[in-house]
Every structure is written in C-alpha cells, then in structure tokens.
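There are 4 protein chains.
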Amino acid sequence: MKALVYHGPGQKVWEEVPNPQIQQPTDAIVRMDTTTICGSDLHILKGDTPEVIDGRVLGHEGIGTIVSVGSAVHNFREGDRVLISCISACGRCEYCRKGMYGQCLNGGGWILGHLIDGTQAEYVRIPFADNSLYRVPEQLSNEQVLFLSDILPTGYEVGVLKGVVQPGQSIAVIGAGPVGLAAILTAQLYSPMRIIALDMIDARLEKARVFGATDAINNGQVDAVEAVRTLTDGLGVDVAIEAVGIPATFELTASLVRPGGRIANIGVHGKPVTLHLEQLWIRDVTITTGLVDTFTIPTLLRMVESGRLPAEKLATHRFALDQMMEAYDTFLNASQTNALKVVLNRA
Amino acid sequence: MKALVYHGPGQKVWEEVPNPQIQQPTDAIVRMDTTTICGSDLHILKGDTPEVIDGRVLGHEGIGTIVSVGSAVHNFREGDRVLISCISACGRCEYCRKGMYGQCLNGGGWILGHLIDGTQAEYVRIPFADNSLYRVPEQLSNEQVLFLSDILPTGYEVGVLKGVVQPGQSIAVIGAGPVGLAAILTAQLYSPMRIIALDMIDARLEKARVFGATDAINNGQVDAVEAVRTLTDGLGVDVAIEAVGIPATFELTASLVRPGGRIANIGVHGKPVTLHLEQLWIRDVTITTGLVDTFTIPTLLRMVESGRLPAEKLATHRFALDQMMEAYDTFLNASQTNALKVVLNRA
Amino acid sequence: MKALVYHGPGQKVWEEVPNPQIQQPTDAIVRMDTTTICGSDLHILKGDTPEVIDGRVLGHEGIGTIVSVGSAVHNFREGDRVLISCISACGRCEYCRKGMYGQCLNGGGWILGHLIDGTQAEYVRIPFADNSLYRVPEQLSNEQVLFLSDILPTGYEVGVLKGVVQPGQSIAVIGAGPVGLAAILTAQLYSPMRIIALDMIDARLEKARVFGATDAINNGQVDAVEAVRTLTDGLGVDVAIEAVGIPATFELTASLVRPGGRIANIGVHGKPVTLHLEQLWIRDVTITTGLVDTFTIPTLLRMVESGRLPAEKLATHRFALDQMMEAYDTFLNASQTNALKVVLNRA
Amino acid sequence: MKALVYHGPGQKVWEEVPNPQIQQPTDAIVRMDTTTICGSDLHILKGDTPEVIDGRVLGHEGIGTIVSVGSAVHNFREGDRVLISCISACGRCEYCRKGMYGQCLNGGGWILGHLIDGTQAEYVRIPFADNSLYRVPEQLSNEQVLFLSDILPTGYEVGVLKGVVQPGQSIAVIGAGPVGLAAILTAQLYSPMRIIALDMIDARLEKARVFGATDAINNGQVDAVEAVRTLTDGLGVDVAIEAVGIPATFELTASLVRPGGRIANIGVHGKPVTLHLEQLWIRDVTITTGLVDTFTIPTLLRMVESGRLPAEKLATHRFALDQMMEAYDTFLNASQTNALKVVLNRA
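Chains as they are written, first to last, in the numbering used here: chain A, 117 to 463; chain B, 117 to 463; chain C, 117 to 463; chain D, 117 to 463.
In isolation and in its complexed conformation, chain A is listed as follows (with noise of 0.2 angstroms):
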C-alpha cells in the first residue's frame, strides 16, 4: 500500500509499503476513507519528537471502514464504518479504568503515527480496537465526525471540561489557531456569556468570532490585561484557555483570570514557563495541564448528530489520499494558505 513515511527531519515520502496485519487478537486492520493532518505531525518534521523513528508512517486521525479484527474484538465486525481515536485505550490499566486513556500504562495512549505506524495511509492496524475505534452514525458524513479523532475533544477536554466552563460565564481563549477554535466551538455547549478570543493575527480572531467568540482581541496591538478587565468587571475571566505553547502565551494567560479562576492549559510547551507565585499564591487559581483521552467522542458525535456541533467547519481545503505531499505544502503554509484543517479522502 500507500503511505506517508518519515525519514527523519524534514523528510518524509508518499511510498509503498508493507500493508499492516493483525498482531493481537485485540487489533482491528481498517482501510483509511479520510485522514488529515495535525500541527503535531509537523512537530515530527522538524524533529521535535526524537521518540520517532525513521520509516515511521504518520497520522493519528480519521475515518475509515474495517477490513478485519482479532478473535478477541467484540464491538466491531468487518465494513463498519469507525472514528479512530488518536488515543489507543488497552481498557484495563489503572488510569483507562479512570477514562484517563492518554495515560494508558499498557502500550496504548498516543502511539499511532508517533510509536507505531499511522493513518497516513491506504490501511492502518488499531490495536485495542474495542476501546480505541467509535461507530460513526449513517447519517453523518465523514467530514462532519473527522476532527472528532483529535482536535475536538482536544479542545473539548483539555480546554473546556478541565476548565469547568459554567453557563454564565466568562472565558478567553488565548490562541485562535485550530485548537483555540474547537475549544471556542465546544465551550458554546456550556452557554458562557463571554468567550474573548486573543490572538496576534486579525485573520485569525475573524475566523474566531465565525466560530463563536462574542468579543476578540489583537493582543500583540492593545494591552489584553487591561482589555479583557474592561470585558469583565474589572476581575479578569472566569476560566483562560491557553491554545498556543510558549511561555509568553502562558503568562499572558495566567495573567487574565480573576481569583478563584482556572487556567487550563491546551498548549505543546517545549521550555519551562514562568509561573507568578508571587501574585497568584493568594488568589485561589487553578492550573490544569493534559493530554487529551477522547472519553467525550461519543457525547461530541451526539451533539454533531444533533446538529448542535458544526465540527466541519473546521476543513478548509480537500484533497485526494494520494496527493498528500501537497495537502501537507498547504498545511505547511497555513499563514498564506488560511488553512484550518486539510482534509484528504480516498479516491
């Protein structure tokens, strides 16, 4: 088959190779209908994640249709049609006992396209597929459910359920990316009153109040401390979300909460941050970190089945599985592009 296949940093090839097979008497073997790619596997490229080795096929999302199982697999029979979760649940452990399957102690959490091989490709082998797949409802298209792999209940879980977004409420979003986006479409299922979004791209903060944001703000051109106390009582947001990575974001975000506030953090950090003890010791704050266990895939494929989450939105620009070297220059390139999410569909 066809696959796109990292050769260390910077490289990576649309090649054949070895179709994947059964392992395990858990494992399921499905033929990939839609995939599409994530600002991680960008990481990857540029080496940021040393733990992936040459020859790696990538991809940790998309839609496909089963071709086989393992004498153990229960849920799943040939020619559904399944959501796979860029988390792999082995259901037995510890922390999946607790749904906390990022976390997984037994081989499972983020593995596809990072320790094994991905779903960049004709066909992918899922290990723990009773845990790790999701019936997809006949009446929803493959482009509605696509980003329910990763970057919804990213947003969903990280963002907004550590943050305990309240009918009510005030949060910010500090990041308008496609992250920050489906943490501003999915707190809307909680009726904040006020969903400040921030960022330092006017494209971007558009884009964010086309998702749901009541009020936007171009932080690298006012002063957003003061900005958002202006939006909030002079107190700060009930809940900030940072949606970036880096240590000025996060600063900023800490810096926007009033006391009793939550600070949850979505961002991929790569250096240590600056935390103001100082000022925060004394103001009741809560700080959440987290990768995300997709446990709510089934509540979010509710809510897309009831019309009240337009997760497509998202896809910006489609291409065929086979012209995948081009969606990732398309991705690659989202500042002059617009790219949100690429989405790439078997012929």
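It is worth saying that the hints were derived from the structure and are not from the lab. As the structure is a computational prediction, the values presented were derived from the model and not from experiment. Beta carbons are placed, not taken as given, at the ideal position from N, Cα and C, and that holds for glycine. One or more of the hints may lead you astray.
To be verified - Quick list of in silico lysine-lysine cross-link-like pairs, PhoX-like style, CA-CA up to 25 angstroms:
{"#": "1", "chain 1": "B", "residue 1": "K214", "chain 2": "C", "residue 2": "K162"}
{"#": "2", "chain 1": "A", "residue 1": "K214", "chain 2": "D", "residue 2": "K214"}
{"#": "3", "chain 1": "B", "residue 1": "K162", "chain 2": "B", "residue 2": "K387"}
{"#": "4", "chain 1": "B", "residue 1": "K387", "chain 2": "A", "residue 2": "K387"}
{"#": "5", "chain 1": "C", "residue 1": "K128", "chain 2": "C", "residue 2": "K162"}
{"#": "6", "chain 1": "B", "residue 1": "K162", "chain 2": "B", "residue 2": "K128"}
{"#": "7", "chain 1": "B", "residue 1": "K118", "chain 2": "B", "residue 2": "K128"}
{"#": "8", "chain 1": "A", "residue 1": "K128", "chain 2": "A", "residue 2": "K118"}
{"#": "9", "chain 1": "C", "residue 1": "K387", "chain 2": "D", "residue 2": "K387"}
{"#": "10", "chain 1": "D", "residue 1": "K214", "chain 2": "D", "residue 2": "K162"}
{"#": "11", "chain 1": "B", "residue 1": "K162", "chain 2": "B", "residue 2": "K118"}
{"#": "12", "chain 1": "D", "residue 1": "K162", "chain 2": "D", "residue 2": "K387"}
To be verified - Now the stretches of chain C that chain D is said to cover, found in silico as 3 or more residues with beta-carbon under 8 angstroms:
{"#": "13", "segment": "215-221"}
{"#": "14", "segment": "337-347"}
{"#": "15", "segment": "366-377"}
{"#": "16", "segment": "398-412"}
The hints should help you fit chains B, C and D onto chain A, whose structure is shown.
What follows is chains B, C and D alone, placed relative to chain A:
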C-alpha cells in the same frame, strides 16, 4: 489597653493604645483570652507587607469573650466565648456567597492585624461579627481550639481539600513547619494510605512522624524524587502539598506527582517560580493556590470535639499575654527553641 | 396603599392596607413596579397552606424601586431598580453560608406572601435586603427579568442543576406547565441532545416545542415508557424532571430513567408517592428534591443579558397592578385562557 | 470437582460436577482457596431469584490461584493469587467505561453464581479476567481480603460513597447486619463525627459499636426519629444508609435526614416503598440506589495493606471447603450462631 504595635520594619512594642470601639452595627468587641503569633506576623516585621502601617496592632488569631455587639449582630451576645477567624467575611458579596471569604470584595478578607488593628491586644474590634466569629463548644479548652483561627483551616482547606486527598492515596507534604504539620494532621481525616513528609531538618521530620506522617525524607540528603517514586510504584504521589513558599521547593513539589495528580500550594511566595510545562503539559496535573477562607471552622470544631483532631499538639510554649515580647523572641528563634506555636493567655 | 389580601380559603380582596415600614436595620422598602401570580398563590387560596393567616398580603415575585433602606443595608440605596427573590436569606446561618437560602434557619426562606406580607401590593418590606435583592441591569426590561424571582431559578436549580443535565444527554420533562417550561428553557444552557416533553394536553406540548423540546409525548394517549425508550436506545433518559406534583406523574418519571440516571423532583406534592425500589434498588438511580434557593439569579441575569435566555416568553397576559382580581381570574382559568404567566405593571 | 449446586428453591447439594474450561480468550480458570456465603445466596435458595436455574453452582466471592488463562488475558498468569470480584466487567461498554461495572451491557455485571457457575466450588471460570480479578498483595492473608469481593465494596460504594460521607458529619446506618457493619467500617475512612447504628436486636448493636458506631439505638424500643434528632441538634443526620431492604426501614431511614441530607439505599428490596414526598419535596434531599461496581477494590486493598481497614473482623466461623453444607447451616441460623460471615478454606 495594652497591645503589640508595629512601628515599621523590625520595630514592635507592647504598649498602651486606645480601646477599640463599635464602629458599624455589624461589629463586635472581644476581650482577648488567648492568642498566638503567626509566621505572617514575622513577614510583616521584616517589612515584606508594605500595606501594614506604623501604629498597627498585629495579630489575627485567638479566642476571646464578647464584651459588646453592634445593633445588627444576631448570632452573638455579651459573654459568649468565641473563636476569631483570621478572615473577616461581609457575607453578601459575590465571593462570600460562595464561601470564598478570603476574597471578600466588601472590606473583608485578611484584614485583622493587617489593614485594621488585630488580636495581639487586650481587646479587638471584629467587623462582620456574625460571619467572622464562631461559638466555642463549652467542653473544649482555648488551647484545643486556638489553632482553628488560621493554621488548621489553612492546612486543611488550601492543602488537603484543594489537593482533594482521598482514602488510599499517597500524598507528600513538602515542608514540616507549623503549616505543613497542620496539613499532615488534617489529611488524616481522609485516610490516605501514605503521608510522606519532606524537609531538610531532621528534627522537623521527627515532628512530622509524631503528627502522622508514615514516611519522612530529608531532601537535603537524598534524591527526593527517586525516594518518593520508590515509595509509590514508580509513578509518584497522588497529591503533593507545598508548605514552604520558595522556588526550589515548588519545583520539587511539582516533580513528585504522578500523571493525573494534584499540586496544592500553601506556601506564601515572594518570587516567581519555574513551572516545567515542557514535562507537565502532557501529564494531566492540577495546580491550585489559595488564601484560607476558614469556611471549614465548624467542621474542624466538630472534629476536635469528637477527639479526632488533636490540634493542641501544635502548642509548644506558653506565656502570659503581657509577655508578648518574650513570646515573639521564642517564636522568632524557632530553630533554637524548637517552637511550633506559642500560646499567650490573659492572666 | 392597595394590596391583594388573603381572607381565608377562597377569599381574596384588592384592598387598602397600611404601608410597610422598616423594622430591622437590614430591611428595605420597595415600591412594586411589576409583579406576577404563582401557582403556589393558588394553593394558598385553596387552603392547602394553613400557615398563611387571614390578612396576609400575597405574592413573592416582582421587580421594584427601592424607596428606603435600614441602617445596615450596604448593597442598595433609594432609587435602585431591584429584582426580588422569592427566597429571603439571612446570609449567616449554616444553610445560607452554603447557598441553601431556601432552608435558612434565621427567619428567611420562603416567607414573602407566606409568613410575612408579600409583593402583590404597591409596596413591600424586604428583610435581609443585601442577600435577597438583585440589581437589574439597565438595558433589560422588567418583563425580561420578572420570572427570575422564582420560576426560572426553580426550573434551573431544582430541575436542571440537581438533575445534573450535561451536553449530549437525553432528558425528559414531565409536565409542560410554567415550571416545566422553565426547566425546558434552562436545560438548553447545558446542550442536551434531546429534551422530551410529556404532558396530557396537546396545547401544552406545542408550547413545550416552542420553548425548545425536541420531542413531545402525550402520555394520556401513548405508552410513555415505551415511547421514551424508543427515543433513547432502549435504555431510558439520563435525567427525568418531575414538574407536576402528583403520585402518578412521579411514578411515571421514575420509570423513564436509564441505569445510572437521575430523577429531579420539582413538583409540590401533597401526598406520599410509591417508589418502586424493588426495581430501582439495582439501577443506580439518584432522586433529588428541593425548594429553590435562587442562588443562580446572578447567572440567569447574565444569560438574559447575553440574549441566551428569552425568559419573557413565559408572559402571556398583561394587566395594570390594580387589575389584580382580573389577573387572578385569567391565571386561574389557564385551561381556557391559555395563560402561562400574567404580568402586572404599576400604572 | 466438587461444588455447591442449586436444585430449585430450598434444594442445594455439595456434589461432583465437571471442571470449568476456558471458553473465551478473555477467560481465566481459578482454583478456589477461600470462599464465603452471601445473603443473596440465601435469597436464591428461597426462590426469590427466578433467573437462577437448576444445576447452577452458587457463590460470587473468594480468593484463589490462577490455573490457566485465555490467549487475550494480559494482566494475570498461572500461579497468581487473585481476589475475585462479585461483578464481572467487559471493560468496553458504555457503563464499564465509566466504572459502572455492575451495569455492564456485554454480559458482565453480577453473573457469578447467578447466570453462570460460581465460586462455591473447587474451580471457577472467570470471564473478562483482566477487568474482574485483582492481584492480592503478598503480605495479606486470604481472610484479610476475602470480604473485598463483595460486602466491603458494597458498604463503601453504595453506602458511604453514594452517601458522600464527609469529615465532621453525623451519619446513621439502619440495620447492623454484615452489610451495615461494612458501611460502618468503611465510613470511618471519611472521619464522620458521629456514626449512629440502628437495629432492633441489641446483640447486633453491640457489634456495631465494636465496628466503630459512636451511638446505638434500638428502634424497636425507642422513638428512633426523636433519638436521632436529639443527637443531631434537632435537625437529623447528614447521611442515612439503609441496609435492611424492607419498606418500614426505608421509611425510617428517610425520616432521619436533615434538610440537604442524603439517603443511600443498600438494601435489596422485594416490594415498593412509600416515599413521603409531601414532606420531602421541600427538604433538598438526595436518595441514591445502586448495585456494587467493585471499582474501589484497589483502594480498599491499599487500606487493608496500611492497617486502616480490619476487614477480617467480619469473619466469625471457619470451615473446610467440603464442609460447605455445614457452613450454610451456620450462616442460615445466624440468630442462634451469631454468624456474621463464614469462611471456607481449601484443605
């Protein structure tokens, strides 16, 4: 009356000052029967708390007898023996309505011995008396209850409750001074399996064991991260409580928790700290900060009453009220005197 | 002044009574600008509430303008436009400190138009004014806010919050009268996937759809248990809200929830009900009851302000304040008049 | 092998049956080393559980040694000493993913000694072994751990956790049989101030005190409602736990809680009960029911390990495994033998 008066950094005198008077219909005047000295009084004397003015009577803890009440005080009357909360609560602002009295927006919060005259005196004025005083059960002595003014609720609310300590867990308390010991004592109300105390002074670690620590680690002598992991299946503790307040101990605390764990900061910090988000972003940790609200005083009074909370164990030295200067000396030189908390009683 | 006075079962008169006066330093006197009539006023008139004495002014809802305040009132002053909570809160008892104002131990709770004179009058005395009144945002009309005195917080707190409605869930509301509609309206703040209304009157089911129900079942005409299971994968709803108050509807409500589900009772019951523990003991259900506390009024005000809660849709008929007797007739004959809530405005 | 076989109401025989065999790749075969008899085994023998067929081997508790595992079992291997949960968990259905194993939709839940052959035998087949067995810490004896199969987690999860027992509270446990004692024992992990045991037999009330009750009331001899109020400031308990399972005790339980309190039903009910909603609708109570999930077994194992949970105190009589008939006689005649739990050990 006599009182301990602050006269600028390093300057304090036990001297004559005017008696306090009722100023608002919600005030009460209390004759002090027992009081104590807090680490934050020492911070004030060092000049770390510039909002404290020359002439201020210090102190925010103690037990006394009501001598008069304003016209709108309903819960108390002359002659009642009352515990004074270190936190005053207006009872009607947004924060007080949620029990977050430490963040009171109407002139409450930590004001005693800080923004208004305090309890290291023969008499004290208590604003918002209905919401800031607690009747002491008859059968309990002043010394059994004294530390419920501040240090016990601080360890319990900011350490144990924000840390969400639960039965069967492993927890670590970093810093075995009075507040750390208060956390160790009150953590036992939730039956953790293991309470690991960390400190650099062996005498304090011995105290920690007396107060209920199951394990003690001198982090000046051994690799504390390694030692804690050995005690916790290699993953780290469920809850780590910082009770020191300097950057190094915060970093240590944050390095001790397992994925999904909680870091509860009690320490009063004067400088920013480094937060290793490059490691923690993916580990599902929760970090909390907080000023005590003292909303748990009624619960803690019941626990003392039932014999399950030997709070008086924190008292190591006793003085008459007019030996205030001597008591300060003893408390200041804790490393020589081994003082935990000093008790001052009206003659 | 003029007021609606209760003179024993079946007897009420709009008549001259003395103006209310400040009695406690925490009181406020409010001139009524807008008020309404509640189902519980009808219960009183039927004689179901024997603690209400002859001569009592009825009513516990409304919006007015402050004309005077006692010496200990801090939050309000003459001229403020305020929403009156149906629940008075002393702010300093064990229950008020937890936000459970409905259970106030110091003479608060539901007292207006019940144990003291109420709001169906030209003026009313409000005890504990600081904790029992809410400033109305300038840009909102009285009619937009009027139902936040009682019926909206009742549906929201006792139905939606105690039911713990969450995104993606299926919920059922049994009884599509005003309180049931308030539950349907406020449930949407948590984005359930499906809101199933049940009633025996088709006109009310049509109203339920207007207020946001996704499905409507006439339980006088079809097997409601069967119909609900068909809509919910055969397992039943996550949350079932009882908004009628008779044994038959409680039993129906309890039969609709799936294992692990919640039954939130809002209905005011006059008789014991049968609880089928022989079926439910093994099904992990939670049943809640409650009197409204109105602690959510600030949140609901923000939701109205942000345009997400069209509370005024409950108003169907409007009268001048001195048309009180006519307004009662309209509300009493709701089956003919199709009245949901009547609005009475000062001329 | 030999096993205790049910042959219809009132009929049981310790007789030869075929050895169990691996049927699914997720099965394990366990040699029984220690087992016990449960109240629900007696219910089956009375014919109250018609789904149990003639020929069924009874029993759902015990500790044993693994003799073989299916090809998909990862957590265990031959020779492991394991505790058997009374609840089997598929680990991949909607309920198992939430830790609600008792409600498993894929053939788990309470099946042992009920829908498939059980543990009162020399060998037993355990389905879904990875999620239904727990490794026993080496230093613990079988008797210390035996009651963690069912009765301890039942008292803890369905009584203490669903009751949300908290430090400083007053709780009541109605019924001082084995399950009530398990609730009394495990409630202490949360440090309530007062544990009031109610029963009609003085010998059981004495046992309750031994297990940690602070007060004991014989509700056959005194007015229990009055007696409980006297102990609780006139308001009633925070949490009342029903551990009998008949209408009269449920009504009693519901009458003991204060406003805002919780009623946790553990009792197995055969008939409907009367719920006095005409009193309770206004009192903010929460009523919970539940089958045990045994998700707390790892926590309880740690508590036994740390010496804080003397679970073995429930054992009163000991037998060899082939004295099964005699053990049943002793357990059936508990009123004469004073048996709490009997222990059967492999010779």
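**Request:** Given that the segment 215-221 of chain C was listed as covered by chain D, double-check it with a C-beta distance under 8 angstroms for 3 or more residues.
**Result:** holds (count 3)
- Query: the segment 366-377 of chain C covered by chain D? Criterion: 3 or more residues, Cβ-Cβ distance below 8 angstroms.
  - Reply: holds (count 3)
Given the hinted pair K214 of chain A and K214 of chain D, is their alpha-carbon gap at most 25 angstroms? Measuring from Cα to Cα gives roughly 7 angstroms; hence the hint holds.
Counting residues of the segment 398-412 of chain C whose CB is closer than 8 angstroms to a CB in chain D, do you get three or more? Result for this restraint: holds, n = 10.
Proximity test - 8 angstroms, beta-carbon atoms, the segment 337-347 of chain C to chain D, at least three hits: violated (count 0)
| Holds or violated: are the alpha carbons of K128 of chain C and K162 of chain C at most 25 angstroms from each other? | Holds, at roughly 11 angstroms.
Inset, instruction - Measure nothing beyond the straight line between the CA atoms of K387 of chain B and K387 of chain A; if it is 25 angstroms or shorter, mark the hint as holding. - result: Holds - the C-alpha atoms of K387 of chain A and K387 of chain B are around 19 angstroms apart, at most 25 angstroms.
- K162 of chain D paired with K387 of chain D [C-alpha distance capped at 25 angstroms]: holds (16 angstroms)
> Taking 25 angstroms as the top limit, are the C-alpha atoms of K118 of chain B and K128 of chain B close enough?
Replying inline: Given pair K118 of chain B, K128 of chain B holds - Cα atoms ~13 angstroms apart, limit 25 angstroms.
CA of K214 of chain B to CA of K162 of chain C, is that 25 angstroms or under?
-> Between K214 of chain B and K162 of chain C the Cα gap is close to 38 angstroms, so the pair fails against 25 angstroms, i.e. violated.
Between K128 of chain A and K118 of chain A, is the straight-line Cα distance small enough, at 25 angstroms or below? Measuring from Cα to Cα gives roughly 13 angstroms; hence the hint holds.
Given pair status - K162 of chain D, K214 of chain D, alpha carbons within 25 angstroms | Distance ~34 angstroms between K214 of chain D and K162 of chain D Cα, so the pair is violated.
Violated hints, listed in ascending order, are 1, 10, 14; each of the other numbered hints is respected by the structure.
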